[in-house]
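Chains E and U, in that order, give the protein sequences. For the first sequence, our numbering gives the first residue as 168, with consecutive numbering after it. For the second sequence, our numbering gives the first residue as 168, with consecutive numbering after it.
Check each hint, because a few of them may be wrong.
Within a straight-line C-alpha distance of at most 25 angstroms, the following computed DSS-like cross-link-like pairs (lysine-lysine) qualify [claimed, not checked]:
no. : chain 1 : residue 1 : chain 2 : residue 2
1   : E       : LYS241    : U       : LYS413
2   : U       : LYS413    : U       : LYS440
3   : U       : LYS338    : U       : LYS500
4   : E       : LYS368    : E       : LYS393
5   : E       : LYS338    : U       : LYS500
6   : U       : LYS393    : U       : LYS413
Output of the computed footprint for chain U on chain E, the stretches with three or more beta carbons under 8 angstroms from beta carbons of chain U [stated by the list, open to error]:
no. : stretch
7   : 200 to 208
8   : 320 to 334
Worth flagging that the hints you see were computed from the coordinates, not collected in a lab. Since the structure is predicted, the reported quantities are computational estimates derived from the model, not experimental observations. We put the CB at the ideal spot given by N, CA and C, even for glycine.
Number of protein chains: 2
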Amino acid sequence: MLSQITLEDIHPIGIGAGILGTGGGGNPYLGGLHLASIIREMGPQRIIDPFDLTDDALCCVVGSIGAPTVSIEKLPEGTEMSRALSLLEEHIGRRFDAVAIAEIGGANSMQPLIGGLQAGIPTVDSDSMGRAYPEIQMSSFLFDSSASAAPLAMVDAADNAAVVPGASSDKWAETIARNIAVSMGARAGLAGTIMSGAQVKAAGVHYTLSLAHHLGCQVLEAQRQKSDVPEVVASVLDGQVIFHGKISDVDRRVSKGFARGGVRIDSFSGADKLEIEFQNEFLIAFINGEVAVTTPDLICIVTEEEGEPVTTELLRYGTRVAVIAVPAPPQLKTGVALEVVGPAAFGYDVAFRPLPGGVIGLAPGR
Amino acid sequence: MLSQITLEDIHPIGIGAGILGTGGGGNPYLGGLHLASIIREMGPQRIIDPFDLTDDALCCVVGSIGAPTVSIEKLPEGTEMSRALSLLEEHIGRRFDAVAIAEIGGANSMQPLIGGLQAGIPTVDSDSMGRAYPEIQMSSFLFDSSASAAPLAMVDAADNAAVVPGASSDKWAETIARNIAVSMGARAGLAGTIMSGAQVKAAGVHYTLSLAHHLGCQVLEAQRQKSDVPEVVASVLDGQVIFHGKISDVDRRVSKGFARGGVRIDSFSGADKLEIEFQNEFLIAFINGEVAVTTPDLICIVTEEEGEPVTTELLRYGTRVAVIAVPAPPQLKTGVALEVVGPAAFGYDVAFRPLPGGVIGLAPGR
Numbered sequence: 168m169l170s171q172i173t174l175e176d177i178h179p180i181g182i183g184a185g186i187l188g189t190g191g192g193g194n195p196y197l198g199g200l201h202l203a204s205i206i207r208e209m210g211p212q213r214i215i216d217p218f219d220l221t222d223d224a225l226c227c228v229v230g231s232i233g234a235p236t237v238s239i240e241k242l243p244e245g246t247e248m249s250r251a252l253s254l255l256e257e258h259i260g261r262r263f264d265a266v267a268i269a270e271i272g273g274a275n276s277m278q279p280l281i282g283g284l285q286a287g288i289p290t291v292d293s294d295s296m297g298r299a300y301p302e303i304q305m306s307s308f309l310f311d312s313s314a315s316a317a318p319l320a321m322v323d324a325a326d327n328a329a330v331v332p333g334a335s336s337d338k339w340a341e342t343i344a345r346n347i348a349v350s351m352g353a354r355a356g357l358a359g360t361i362m363s364g365a366q367v368k369a370a371g372v373h374y375t376l377s378l379a380h381h382l383g384c385q386v387l388e389a390q391r392q393k394s395d396v397p398e399v400v401a402s403v404l405d406g407q408v409i410f411h412g413k414i415s416d417v418d419r420r421v422s423k424g425f426a427r428g429g430v431r432i433d434s435f436s437g438a439d440k441l442e443i444e445f446q447n448e449f450l451i452a453f454i455n456g457e458v459a460v461t462t463p464d465l466i467c468i469v470t471e472e473e474g475e476p477v478t479t480e481l482l483r484y485g486t487r488v489a490v491i492a493v494p495a496p497p498q499l500k501t502g503v504a505l506e507v508v509g510p511a512a513f514g515y516d517v518a519f520r521p522l523p524g525g526v527i528g529l530a531p532g533r
Numbered sequence: 168m169l170s171q172i173t174l175e176d177i178h179p180i181g182i183g184a185g186i187l188g189t190g191g192g193g194n195p196y197l198g199g200l201h202l203a204s205i206i207r208e209m210g211p212q213r214i215i216d217p218f219d220l221t222d223d224a225l226c227c228v229v230g231s232i233g234a235p236t237v238s239i240e241k242l243p244e245g246t247e248m249s250r251a252l253s254l255l256e257e258h259i260g261r262r263f264d265a266v267a268i269a270e271i272g273g274a275n276s277m278q279p280l281i282g283g284l285q286a287g288i289p290t291v292d293s294d295s296m297g298r299a300y301p302e303i304q305m306s307s308f309l310f311d312s313s314a315s316a317a318p319l320a321m322v323d324a325a326d327n328a329a330v331v332p333g334a335s336s337d338k339w340a341e342t343i344a345r346n347i348a349v350s351m352g353a354r355a356g357l358a359g360t361i362m363s364g365a366q367v368k369a370a371g372v373h374y375t376l377s378l379a380h381h382l383g384c385q386v387l388e389a390q391r392q393k394s395d396v397p398e399v400v401a402s403v404l405d406g407q408v409i410f411h412g413k414i415s416d417v418d419r420r421v422s423k424g425f426a427r428g429g430v431r432i433d434s435f436s437g438a439d440k441l442e443i444e445f446q447n448e449f450l451i452a453f454i455n456g457e458v459a460v461t462t463p464d465l466i467c468i469v470t471e472e473e474g475e476p477v478t479t480e481l482l483r484y485g486t487r488v489a490v491i492a493v494p495a496p497p498q499l500k501t502g503v504a505l506e507v508v509g510p511a512a513f514g515y516d517v518a519f520r521p522l523p524g525g526v527i528g529l530a531p532g533r
């Protein structure tokens, strides 16, 4: 288990979080550079085991909301995370004891480390997805309704700020926050989903920061040893390499704020094909026309040789890739959860077909 | 001067506010029905002379934000104004002594009466436009920068709420609030622009509620006496009837959230034409191709016989109308104000040509 994040941890976390991003979640690279500059100045960030939180500890999540494509061009001012946290603290009149991670997949793996370090509080080694998803309500912290997305606080790179003190539902909080993010140039810092330590312990997907770090370290080690990196990735995640091949077609469009489309991968022999449909994240995979993997199970594409994550914006004709299927954490597979993150929630007329076995997240002490 | 608003005052205020809406601002009719139902239950609403406010009285504006066309179909829950006021009070930790009027033109003439009555505080007989304009920053309360649009609070018909505690500028507050309003179904209650009594006295366009009432009464009286109603309107507003004719062409489109377009009116002889361009409100008028009236001066269209207001959505081929030009209140004609509400602010490459004379607003005691 990680107890702190130092400079050397940033690169492996970025690789691991990239793979867990299942094609979306944004690139952790720039956030990693930002985190490094702060660690150089302030020292390592403390990581707290979720089960070391007292039941009445006050926690929330903090992260970036907006379009990942924008975040590449529009750099942050730098203090968005801590300013969002402060604004939320001011609104509720209490101070947070720790920040949890909304999504470990992609760029939002780095933001809770940045925010926690700036605010002087530890980051909890738990997230609410074990992967990436595009919307606020798609969070295991919210499925049982004991916590809610609002109140939430948002700030931008200038002096603009907004608080959503309450919403009709978590989906409504998402709708309002999304439009505020659009006003703020499609990139804002957000703090919300206020929880007690007991709620984090009950609802979180635990040790996923450690998992991302461990995964990244194993990938780097396998690259050095020139071993079969995709197999190493599958093994660390208790998943399975389901396909090797070459990208033969990419259909990509931006619609309703999401990167939507599909990718076709032909096996090296040419005999088989795998097709994946995505909305920011890879959501459903078909092998030779048959459904093979469905959301919330993870569909990860990595490069065949290096095992590096391939996100939707990096899908290119001719790239040699491996596709890894990973069973989702159990928190995403309850009936309530599937209504929010199952195939139907994304408009697919397909039932969820759980992959056998597997529990994402490192067991304590592993 | 009005000291209270009773049931009988609602109809004339609606007519006067409709004319002062200069084609936009939304129809006061539904808001008037709503106000009537509350007055029946709670009694008349108290109106306070702005100069009776103590200098340290705490005031703000309250109104509806969104698309007037939506407000016809999507009725309010009914307590939006008082809930927005309460939310803003909660945010700043102080109670308001009175509510001022953001825009006297159109539907937002009624909302500060509804909100004040529900909240148990008087409505100030001052607005910030003397007419209607589409955006928050287009307010005389904001031109000298001693007050600011944020903090502001918004609520919808359900349980959704938002607070904008601060913004880089009033224009940014508008941008963020506008997107929040879109999330809320293009109709929300908004309280903001916090001011002291001294600020209201210094920056407001005074007695415009009384003016709208007086104007409506005079129109109704002229209708009964079958006198020349457009001439009566012009006389009450210290303006001038600049054209009589028949609508011969209407070009209307919804673009970037505004009703944009133009209308052409041919004189009854057919010898002359008047063309008006609008963005929610009538902004610039040309007679035979020559600029005749420019924003912020008021361009009001009324029906030829009844002198009833014609809003942009009611422009129809064949309607017989009179066009009245009214000098804007002096608060809208300073250099700073013209940067926000002059022709260039709406994209017209035309200098403001002030109409001679005139002061909108009833003099105290008139």
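Original post:
Taking only the CA atoms, is the gap from LYS368/E to LYS393/E under or equal to 25 angstroms?
Top reply: At roughly 39 angstroms apart (the allowed maximum being 25 angstroms), LYS393/E and LYS368/E break the hint.
**OP:** Quickly compare the C-alpha distance for LYS241/E and LYS413/U to 25 angstroms and report which way the hint goes.
**Re:** 52 angstroms, violated
Original post:
Against chain U, does the stretch 320 to 334 of chain E show at least 3 residues with beta-carbon separation below 8 angstroms?
Top reply: With 10 residues in contact (Cβ-Cβ under 8 angstroms with chain U), the coverage given for the stretch 320 to 334 of chain E holds.
Original post:
Is the Cα-Cα distance between LYS338/U and LYS500/U 25 angstroms or less?
Top reply: 19 angstroms, holds
Subject >> Straight-line alpha-carbon gap LYS393/U to LYS413/U, limit 25 angstroms >> reply: 20 angstroms, holds
Subject >> LYS338/E paired with LYS500/U [C-alpha distance capped at 25 angstroms] >> reply: Violated, because 45 angstroms separates the two Cα atoms, which is more than 25 angstroms.
**OP:** Would you mind confirming whether the straight-line C-alpha gap from LYS413/U to LYS440/U stays at or under 25 angstroms?
**Re:** Measuring from Cα to Cα gives roughly 9 angstroms; hence the hint holds.
**OP:** Check, residue by residue, whether the stretch 200 to 208 of chain E contains three or more positions whose beta-carbon lies closer than 8 angstroms to a beta-carbon of chain U, and give the verdict.
**Re:** violated (count 0)
Hint compliance for this structure: hints 1, 4, 5 and 7 are broken, all remaining hints hold.
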